[in-house]
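**Q** So the protein sequences, as listed, match chains A and B. Here the first sequence is numbered in my numbering, starting from 159 and rising by one per residue. Here the second sequence is numbered in my numbering, starting from 488 and rising by one per residue.
In case anyone wonders, no lab produced these hints; they're calculated from the structure. From a predicted model like this one, the values you see are computed outputs, not experimental measurements. Just to be clear, a hint being listed does not mean it is correct.
As the list claims (entries may be wrong) - Taking lysine-lysine and the DSSO-like style, the derived pairs with C-alpha atoms no more than 30 Å apart in a straight line are:
{"no.": "1", "chain 1": "B", "residue 1": "585", "chain 2": "A", "residue 2": "250"}
{"no.": "2", "chain 1": "A", "residue 1": "256", "chain 2": "B", "residue 2": "555"}
{"no.": "3", "chain 1": "B", "residue 1": "615", "chain 2": "A", "residue 2": "223"}
{"no.": "4", "chain 1": "B", "residue 1": "555", "chain 2": "A", "residue 2": "250"}
{"no.": "5", "chain 1": "B", "residue 1": "575", "chain 2": "B", "residue 2": "615"}
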Amino acid sequence: LNEGRNGPGQGCHGRDLVAAAQTAASAPSKAGRSLNMLVLSRQRDETIMIGDTIEVTVVDIRGDKVRLGINAPKEISVHRKEVYDAIRRENKAAAQVKPEDLSGFGKIDSKQDNEQKK
Amino acid sequence: MEIRTSRFGVISVEEDRLMTFPRGLLGFPGHTRFALIQTGHGNYFFWLQSADDPSVAFVVTDPNTFFKDYDVPLRNDTFEDLVFTDLKFAQILVICNKVGEWLTGNLLGPIVVNGENRMAQQVVLTEKKWTTRQPLLRLASEVPLAKSA
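Using the sequences provided together with the hints, build the complete structure.
**A** Encoded structure:
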């Protein structure tokens, strides 16, 4: 089993750790991967536990695509991160809208307005 | 209570008319109390004004006005988080954004409201049928375009 944590805190020699940390910091970082990320190797049908209640199972591996099965309590919401990020970004952007941005409302070419005019 | 807003000045809202977002909105975790404000912009759009931050407000609308086939599957945890007694109280709103000339709606992350207790939550749809920038309306452009025949 090939597993390890990139960064301080794991049982390695201090000097190696520092070197590893520097390498990781200077290397182009892969999307979303942080220095302290726990990296585990798993084979198909193997599972990891997160806490006592969350199970993540590798269901299938094909090329560069991994299918994960997730068992979690219903109060834990599970989302693809890019979707979650997209919605957060969109909320931030939408909070910048000002009433004057919508000043075209009187002129909006909407079906409803047209119906009202008729 | 009085709510200070950067867009509408000071507005007065009955406390029991406030909506509560126990989990906040994605990107705005601390904002749990909002007022739904009707403005002069017809009956289709409202402002969701934060009672915790004068500058935070969103244009919201009922997505079914624009997409008849849009619906939000309610998960059990949403049902419990918002303390629903009956699904008939469920209302859906989506946050609108202005993208170029378009008013868009975030149909991938709708807001579920329990009209009975005014608790609300933004949920994330699992199916990718809808986007965060679903075009709703084309706003009239500043410069009138020449009309084609």
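**Q** Compare the structure with each hint and give your call.
**A** Taking the hints in turn, this is what the structure says about them:
1. B:585 with A:250: holds (12 Å)
2. A:256 with B:555: Holds. Residue 256 of chain A to residue 555 of chain B sits at ~27 Å (cutoff 30 Å).
3. B:615 with A:223: Holds, at roughly 18 Å.
4. B:555 with A:250: holds (27 Å)
5. B:575 with B:615: With a Cα-Cα distance of about 26 Å, the restraint between residue 575 of chain B and residue 615 of chain B holds, given a limit of 30 Å.
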